[in-house]
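Make the full structure from the sequences, and use the hints.
10 protein chains.
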Amino acid sequence: MAMTPLHLGKTSALPASPEQAVLDYVPNPRPGSLYLVRFAAPEFTSLCPVTGQPDFAHLVIDYAPGETIVESKSLKLFLGSFRNHAAFHEDCTVGIGERLVAEMQPRWLRIGGYWYPRGGIPIDVFWQSGAPPEGLWVPDQGVAGYRGRG
Amino acid sequence: MAMTPLHLGKTSALPASPEQAVLDYVPNPRPGSLYLVRFAAPEFTSLCPVTGQPDFAHLVIDYAPGETIVESKSLKLFLGSFRNHAAFHEDCTVGIGERLVAEMQPRWLRIGGYWYPRGGIPIDVFWQSGAPPEGLWVPDQGVAGYRGRG
Amino acid sequence: MAMTPLHLGKTSALPASPEQAVLDYVPNPRPGSLYLVRFAAPEFTSLCPVTGQPDFAHLVIDYAPGETIVESKSLKLFLGSFRNHAAFHEDCTVGIGERLVAEMQPRWLRIGGYWYPRGGIPIDVFWQSGAPPEGLWVPDQGVAGYRGRG
Amino acid sequence: MAMTPLHLGKTSALPASPEQAVLDYVPNPRPGSLYLVRFAAPEFTSLCPVTGQPDFAHLVIDYAPGETIVESKSLKLFLGSFRNHAAFHEDCTVGIGERLVAEMQPRWLRIGGYWYPRGGIPIDVFWQSGAPPEGLWVPDQGVAGYRGRG
Amino acid sequence: MAMTPLHLGKTSALPASPEQAVLDYVPNPRPGSLYLVRFAAPEFTSLCPVTGQPDFAHLVIDYAPGETIVESKSLKLFLGSFRNHAAFHEDCTVGIGERLVAEMQPRWLRIGGYWYPRGGIPIDVFWQSGAPPEGLWVPDQGVAGYRGRG
Amino acid sequence: MAMTPLHLGKTSALPASPEQAVLDYVPNPRPGSLYLVRFAAPEFTSLCPVTGQPDFAHLVIDYAPGETIVESKSLKLFLGSFRNHAAFHEDCTVGIGERLVAEMQPRWLRIGGYWYPRGGIPIDVFWQSGAPPEGLWVPDQGVAGYRGRG
Amino acid sequence: MAMTPLHLGKTSALPASPEQAVLDYVPNPRPGSLYLVRFAAPEFTSLCPVTGQPDFAHLVIDYAPGETIVESKSLKLFLGSFRNHAAFHEDCTVGIGERLVAEMQPRWLRIGGYWYPRGGIPIDVFWQSGAPPEGLWVPDQGVAGYRGRG
Amino acid sequence: MAMTPLHLGKTSALPASPEQAVLDYVPNPRPGSLYLVRFAAPEFTSLCPVTGQPDFAHLVIDYAPGETIVESKSLKLFLGSFRNHAAFHEDCTVGIGERLVAEMQPRWLRIGGYWYPRGGIPIDVFWQSGAPPEGLWVPDQGVAGYRGRG
Amino acid sequence: MAMTPLHLGKTSALPASPEQAVLDYVPNPRPGSLYLVRFAAPEFTSLCPVTGQPDFAHLVIDYAPGETIVESKSLKLFLGSFRNHAAFHEDCTVGIGERLVAEMQPRWLRIGGYWYPRGGIPIDVFWQSGAPPEGLWVPDQGVAGYRGRG
Amino acid sequence: MAMTPLHLGKTSALPASPEQAVLDYVPNPRPGSLYLVRFAAPEFTSLCPVTGQPDFAHLVIDYAPGETIVESKSLKLFLGSFRNHAAFHEDCTVGIGERLVAEMQPRWLRIGGYWYPRGGIPIDVFWQSGAPPEGLWVPDQGVAGYRGRG
Ligand SMILES: [Ca+2]
Ligand SMILES: [Ca+2]
Ligand SMILES: [Ca+2]
Ligand SMILES: [Ca+2]
Ligand SMILES: [Ca+2]
Ligand SMILES: [Ca+2]
Ligand SMILES: [Ca+2]
Ligand SMILES: [Ca+2]
Ligand SMILES: [Ca+2]
Ligand SMILES: [Ca+2]
Ligand SMILES: [Ca+2]
Ligand SMILES: [Ca+2]
Ligand SMILES: [Ca+2]
Ligand SMILES: [Ca+2]
Ligand SMILES: [Ca+2]
Ligand SMILES: [Ca+2]
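Chains S, U, V, W, F, P, L, G, B and D supply the protein sequences, listed in that same order.
With the first letter of the first sequence counted as 1, position 146 gets the number 145 in numbering that gives the first Met the number 0; the numbers rise by one all the way through.
With the first letter of the second sequence counted as 1, position 106 gets the number 105 in numbering that gives the first Met the number 0; the numbers rise by one all the way through.
With the first letter of the third sequence counted as 1, position 83 gets the number 82 in numbering that gives the first Met the number 0; the numbers rise by one all the way through.
With the first letter of the fourth sequence counted as 1, position 57 gets the number 56 in numbering that gives the first Met the number 0; the numbers rise by one all the way through.
With the first letter of the fifth sequence counted as 1, position 87 gets the number 86 in numbering that gives the first Met the number 0; the numbers rise by one all the way through.
With the first letter of the sixth sequence counted as 1, position 107 gets the number 106 in numbering that gives the first Met the number 0; the numbers rise by one all the way through.
With the first letter of the seventh sequence counted as 1, position 119 gets the number 118 in numbering that gives the first Met the number 0; the numbers rise by one all the way through.
With the first letter of the eighth sequence counted as 1, position 48 gets the number 47 in numbering that gives the first Met the number 0; the numbers rise by one all the way through.
With the first letter of the ninth sequence counted as 1, position 29 gets the number 28 in numbering that gives the first Met the number 0; the numbers rise by one all the way through.
With the first letter of the tenth sequence counted as 1, position 48 gets the number 47 in numbering that gives the first Met the number 0; the numbers rise by one all the way through.
In case anyone wonders, no lab produced these hints; they're calculated from the structure.
This structure is a prediction, so every number in the text was calculated from the model and none was measured.
Watch out, some of these pointers could steer you wrong.
What the hints assert, rightly or not - Derived lysine to any residue pairs resembling SDA-like cross-links, with alpha carbons at most 20 Å apart:
(1) F:K72 with V:G51
(2) L:K72 with V:H6
(3) S:K72 with S:V25
(4) D:K72 with L:V49
(5) D:K72 with G:S11
(6) S:K72 with D:R146
(7) V:K72 with G:G51
(8) B:K72 with P:A86
(9) G:K72 with B:R146
(10) V:K72 with L:S11
Laid out in structure tokens, this is it:
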């Protein structure tokens with residue numbers, strides 16, 4: 000595992016599917032410290048498995064690094080790879096969290112998926128890998144609820 | 000035209016349709032003054048003429064009274080009478096404005112209809128009876144735009 | 000007309016009605032300047048003339064002084080005198096504006112009355128004494144619209 | 000229980016009453032994961048059991064799926080079925096929560112009902128099926144309080 | 000105790016004092032459920048016991064019903080009965096909470112009183128009948144702090 | 000031109016490109032009235048013509064109908080057809096506006112494109128078909144500016 | 000200790016220093032109740048002990064009364080007495096809290112000092128007399144963080 | 000007139016009164032350009048001429064420079080010199096504007112004074128030296144109105 | 000002038016000074032259309048010419064393209080080149096606007112510079128190249144004013 | 000350790016690197032009190048270690064002083080010294096926290112780094128020196144999440 004990111008500072012094509020996306024993990028620069036990293040990703044889109052129509056979501060991922068951290072450009076490409084992928088909101092959100100946990104083996108991770116409304120009713124999905132470690136500082140994600148109009 | 004409101008202080012049944020609703024106009028208590036009255040009606044619902052599903056809107060009506068003002072409880076009942084009425088957003092919004100103008104004959108009237116999103120895209124409809132009278136103070140309606148999530 | 004305010008720095012009883020309230024006008028300290036004074040009065044209450052129930056409003060008054068300015072404590076007492084006064088929203092709002100114009104003879108005045116909802120529909124009333132004088136700076140009152148819940 | 004949703008991708012008529020509404024439960028795509036699903040439903044309306052007048056609410060439902068998840072279009076139709084149903088705010092809100100618990104048997108569920116004001120005073124109702132499971136992430140619903148005007 | 004509300008759907012005069020106000024308690028429609036009811040009452044006014052001047056407050060009341068719930072129109076009239084009542088902010092806020100507890104015997108109750116500023120400094124008062132019951136969901140009241148201008 | 004929408008109430012596949020998308024125009028239900036229709040479309044994505052990476056935008060379209068109105072589901076599919084289309088922000092935004100004008104021949108149209116930041120700097124694009132018609136009411140679009148963090 | 004406030008309803012000169020300010024404590028009108036009183040004081044100013052320049056702060060004080068409550072006008076004068084007093088932000092904030100505790104002997108007290116930026120970096124100071132009493136309801140102070148511009 | 004600011008980069012004592020404050024004007028670095036400079040000054044305090052009590056305001060000053068610009072540290076000291084100065088809100092606000100115009104001779108200037116509430120009613124004062132020059136861009140000051148509580 | 004951007008899709012070093020920065024102008028893709036492009040740049044920093052300390056600003060640039068548009072990555076590098084450049088706020092803001100006008104020759108351009116506070120008083124600078132062209136749609140920049148704390 | 004700050008009231012050059020910056024610690028004026036000091040620093044910039052491009056962040060530092068407090072002007076200079084320093088977001092944020100802990104030996108410290116988006120995805124970093132001391136009051140930092148556009 001080397002400090003040469005695969006993507007940072009280069010132009011990389013969007014992977015065709017989540018399966019083809021390769022996440023890049025680099026050594027944690029503060030391996031002895033217990034801290035939280037938060038990514039906000041408001042540019043997420045996938046497809047509905049029933050109708051084939053596009054879905055959109057605002058995702059927020061929080062994790063406490065173990066031996067590695069995920070390089071943010073590879074994360075961006077991974078999230079971009081859902082562009083032509085069809086899955087239910089619940090499946091998609093939890094699946095992103097579980098893949099990151101399986102590959103990166105952080106001390107802890109959670110993901111909030113805030114989906115755009117369908118039929119006037121948006122779905123939010125909240126998943127975490129377990130209770131957060133003692134002593135970790137975990138602020139609220141603070142994404143506003145949907146409120147219709149007025 | 001008498002100062003005995005039809006509905007105020009009493010319980011009245013919801014009219015079955017806009018056609019059956021009777022709006023109540025009482026004398027303008029300040030007939031010599033040019034002023035604006037604004038109603039905000041966030042509790043509006045009608046039906047989609049194609050699918051039969053419920054639609055919801057936040058309506059804001061501004062008018063400059065002439066000889067009468069509309070009694071607010073009768074307005075509430077009139078708006079409530081759309082509950083089982085099917086019409087397109089554009090038709091419904093402009094139609095409410097045009098009926099009030101035809102019956103009340105205000106100096107001026109406008110209506111903004113801020114509809115809840117369908118297919119991820121809300122529609123707003125803005126209609127006025129003409130240019131506002133000189134010297135009338137007309138503040139923005141200031142209803143927030145729809146912004147999805149995040 | 001003297002620079003000894005009737006009320007400022009003293010305790011004054013609330014007048015029993017608008018008719019009994021005495022507004023105090025003191026010399027304009029900048030009589031040669033064209034400027035705007037704005038009062039925000041979120042503590043206004045009166046009674047409904049039909050049901051006798053309390054009504055509440057947030058009032059904003061803007062005026063361009065002529066030879067006098069209204070002393071703010073006397074204005075507070077005048078507004079407080081509506082506590083047991085019964086009048087329609089339209090009447091009450093325009094009436095406050097017209098009395099101030101008649102007594103103070105400002106270069107210009109306007110009043111916005113933002114009433115709390117009844118039957119789910121609030122009423123706002125906007126009146127001005129005419130078009131504002133050339134060169135007067137008149138910012139928006141910027142009171143938020145009512146939006147129900149959510 | 001099959002992965003063929005009753006309503007998704009089709010047009011379904013609004014059920015005439017909550018009793019006639021059929022909720023559709025599909026297999027939880029992440030049955031081994033403890034996570035939260037949130038629905039925001041700002042398009043809810045029912046009738047007042049005393050006056051027959053329409054009531055409106057913004058509902059937010061949170062649950063941790065067990066073996067099934069509720070299909071969102073069937074949920075939308077169920078909520079729409081209250082359109083001609085008369086019940087008190089407290090009864091209606093808690094009743095929706097209890098029916099979902101009884102039928103879906105989630106690990107946990109709660110519902111917040113944020114009702115539009117009547118008589119100047121809105122009612123909010125907050126119910127949950129018990130204490131949330133250990134390790135479940137449950138963000139605040141974050142619906143703004145009612146603040147009148149000004 | 001009958002399901003015939005004293006006031007709902009009728010016009011009732013404002014009680015002359017809190018002592019004369021009669022609160023109406025109706026059977027809890029969900030007696031076996033532990034849930035929270037929240038009332039927001041931004042239209043509250045009383046008198047200052049030292050100066051006799053009007054005071055204004057925004058009140059929020061949260062309670063977990065026992066055998067009864069308080070009918071909201073009778074609550075409105077009870078709160079309206081403070082219009083000519085003189086008491087300190089602390090006394091008034093805690094007193095409303097304690098009377099509701101004594102009469103209704105809820106499982107738990109709290110009241111937040113958010114008073115308009117006097118001398119540039121507003122007072123907020125927060126009282127509860129004890130620690131909330133285990134398993135009750137109690138969201139923040141979320142009333143914004145006072146921030147002066149700018 | 001018939002009142003049978005191509006898409007409303009049916010499931011339609013996403014067109015493969017803007018060229019293949021067919022917009023559906025139905026008769027204006029209020030042809031004699033001068034009014035404005037606003038669409039907010041926060042679910043827009045296209046591709047960067049230089050890097051091939053996804054771009055995202057929030058679009059707001061305002062128009063004054065002539066003989067037809069655009070059916071909103073066909074508009075949704077048209078906007079969705081940019082999913083695999085590569086164009087600069089300026090080109091894309093103005094192009095959507097110009098196509099709608101050419102096909103629908105409204106009295107007036109404008110489009111605001113609010114693009115997500117790239118390199119820390121978002122681009123907004125504002126185009127209109129000319130000065131708005133006299134007497135048309137055109138509220139601000141009111142989309143918040145980008146402000147980075149903090 | 001008598002129920003005759005020193006200052007309320009009278010005009011009192013500003014004390015020349017905190018040492019000269021006399022705080023007025025009156026009997027707690029609800030001595031058997033555990034409740035919280037919050038004062039928001041956005042009109043605070045003192046002097047920098049190094050440069051002599053004015054400093055400004057927004058202060059929020061929370062306390063649970065014991066046998067007395069502090070009269071709010073005397074509190075206002077006490078806070079005003081810092082106008083010509085020089086002290087560091089930390090010293091000033093904690094000192095106000097500690098003086099109130101020493102004199103009033105509340106069950107609990109805390110103070111938040113939100114100071115205006117100097118050199119682009121504001122300082123906030125948070126002090127409390129100990130852990131809050133069991134069963135006391137203590138809402139967040141909710142003062143917004145400083146965010147520079149944009 | 001030299002490019003050596005009197006105060007910038009040095010520590011200067013607060014002037015004892017507005018009369019003793021010396022404003023520092025330096026050459027306009029863009030003398031051929033018509034542009035607007037805005038200062039926001041939320042740290043303003045003076046004294047009430049009747050009661051001697053402190054007053055607070057948030058001031059915003061806009062001007063179009065002529066041959067000079069005002070150095071911002073000298074402006075800060077000038078505004079600080081009102082700390083022990085007694086004047087009415089109207090007098091103080093307009094007076095600051097008129098002194099800057101007289102000394103600096105800008106192409107145009109305006110000042111908005113947003114005063115903290117007294118007696119529950121804040122006063123805002125808006126003055127400008129005349130109509131703004133053609134072609135000058137003058138954005139709204141956008142200071143929020145006072146809204147009491149709730 | 001060719002459609003091969005100098006920087007887009009590549010890594011470019013930050014220019015050492017504004018003089019060394021080369022802005023890249025590419026053909027306007029919609030040369031026959033009158034439209035507005037807005038850039039928001041919250042990541043701007045320069046140096047104070049008197050103290051050498053860093054200054055920060057949020058910049059917003061609006062322009063109506065003529066024959067070219069400015070490529071956004073070259074704009075980013077140009078703005079980044081002020082990192083070690085010393086200039087007054089007024090000079091810097093107007094200078095950026097004037098350079099873009101001189102080089103790009105747009106139909107119209109304006110720049111708003113919203114600087115972080117120094118000495119408690121932020122400066123905003125607003126410049127435009129002249130009155131905007133007839134028929135151009137120019138929304139407010141809508142950057143919030145500075146409000147200190149509280 | 001003396002009460003003569005190195006920098007306060009003087010002009011100091013920006014240190015060339017974090018290593019060269021000297022933080023100034025002065026005696027805690029309230030050494031016996033357990034309290035929290037919060038610094039908000041929205042004017043932070045460093046360099047990307049891979050591309051050399053500028054990065055920006057909004058930092059918030061909370062600490063409970065032990066025997067000393069950090070003098071705020073020296074903190075400002077220390078933060079300014081990252082202007083030409085290259086480090087990853089995670090490294091930089093945690094490193095600032097750990098240096099302050101090592102040198103100042105506070106009872107407790109935490110730092111939140113809210114970084115501006117890159118590639119559409121901002122990173123937040125949250126680190127603390129351990130669990131906060133019992134009885135310390137630690138409000139949320141309350142920095143808004145990134146939400147893209149719309
Ligand atoms: Ca929808
Ligand atoms: Ca978003
Ligand atoms: Ca109501
Ligand atoms: Ca709503
Ligand atoms: Ca919370
Ligand atoms: Ca209010
Ligand atoms: Ca406007
Ligand atoms: Ca500063
Ligand atoms: Ca910023
Ligand atoms: Ca006050
Ligand atoms: Ca405006
Ligand atoms: Ca400052
Ligand atoms: Ca303030
Ligand atoms: Ca970016
Ligand atoms: Ca919290
Ligand atoms: Ca968005």
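**Message:** Please list, smallest to largest, the hint numbers that this structure does not respect.
**Reply:** Per hint list: zero violations.
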